[in-house]
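*Asks:* Spelled out from the first residue to the last, the chains are:
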Amino acid sequence: MHDVKTDAALDSAWSGGASPFAMGSKKLGMWLFIVSDTLTFSALLITYTYSRITNPDWPRPFPMNPAIIFSTAMTVVLLASSLTMVMAVMAAQRNDRKKTVMWMIATMAGGLAFMGLHLREWFHLFEEGATITHNPWGTPQFGAVFFGITGMHMTHVLIGVIYLGIVATGYGRGKFSAEDVEVNGLYWHFVDLVWMFVFPLIYLMSVKY
Amino acid sequence: MNTEAHAVESHAGASVGTNLAIWIGLVAITGLEVFLAYEELQPSIMLTILIGLSLVKAAMIMSYFMHLKFEKFSLVLWLVPAMIFCICMMMIFFFPEAFRLLQMRPHG
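Line by line, the protein sequences are chains A and B.
Per the working numbering: the first sequence = residues 947 to 1155.
Per the working numbering: the second sequence = residues 11 to 118.
Everything labelled a hint here was simulated from the structure, so no lab data went into it.
Under the rule of at most 35 angstroms between Cα atoms (straight-line distance), these lysine-lysine pairs were calculated in the DSBU-like manner:
| no. | chain 1 | residue 1 | chain 2 | residue 2 |
| --- | --- | --- | --- | --- |
| 1 | A | K972 | A | K1044 |
| 2 | A | K1045 | B | K82 |
| 3 | A | K1121 | B | K79 |
| 4 | A | K1044 | A | K1121 |
| 5 | A | K1121 | A | K1045 |
| 6 | B | K79 | A | K1044 |
| 7 | A | K1121 | B | K82 |
| 8 | B | K82 | A | K972 |
| 9 | A | K1044 | B | K82 |
| 10 | B | K79 | A | K1045 |
| 11 | A | K1045 | A | K972 |
| 12 | A | K1121 | A | K972 |
| 13 | B | K79 | A | K972 |
Keep in mind the model is a prediction, meaning the values are calculated, not measured.
Sequences and hints are given; from them, build the entire structure.
*Replies:* Below is the structure:
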């Protein structure tokens, strides 16, 4: 037989069966992944800035027209895909499966458009002679950090598109819940958030005047 | 306290209008960043402003699109300070060394 104090302890959040921070384990797991991945990208961007500071003759290969205008369009496309993902999460919370899937397909289209534009940018740099080990503009580390960071980001976009496809299919068939769509949304917004640092640091700080 | 009270809460988040306003704000800040790049500012000033604007954009995305503003504040306290601490540690290790190497470079 328990006394009143013992019962209070067993009924507390520490007694198990409770959701920390009043959220599901999938969502909490995604937040933890996002924090760890933030540190990965932070390390990459800090390494880039380190290389940049120690090399005053760092290449500036991106003219305003077309490279910066092109990368700005990529940024707007990625931001637009974040807005469609917000709409998908809102539709899922209303239990509107048809609209949720529709908005998720729109988000996938945004992600694929971003990848297409980015690959075009990459191939343009290949044509100019830039590779991961050397480039025609000077400091050889440029290729390593540029293709390393943007490649890492593009891999995240590709995984995000595949993840969206799986969740959209599962949610449309009633196998996944609205929480799964929300967790998918967290990942997608994180990919968008990372680009908000990659775009100014990699592109805007390397404008050719 | 009953465990039922700890059940997963559904967070309504912001309205469509607010999310649209946030999106327009993000596009406007991106436009401002491109304009600053066009203006050919000194790299150190440019870097400071761009990092500041990127942090504002990150805060907007996390608060509204990722619903962090509508989650329990204890989650923010659990995630954000630890993350900032780790990033600061990386910067403390890297940057003094970077500036030292820059000063060691032969001039001319």
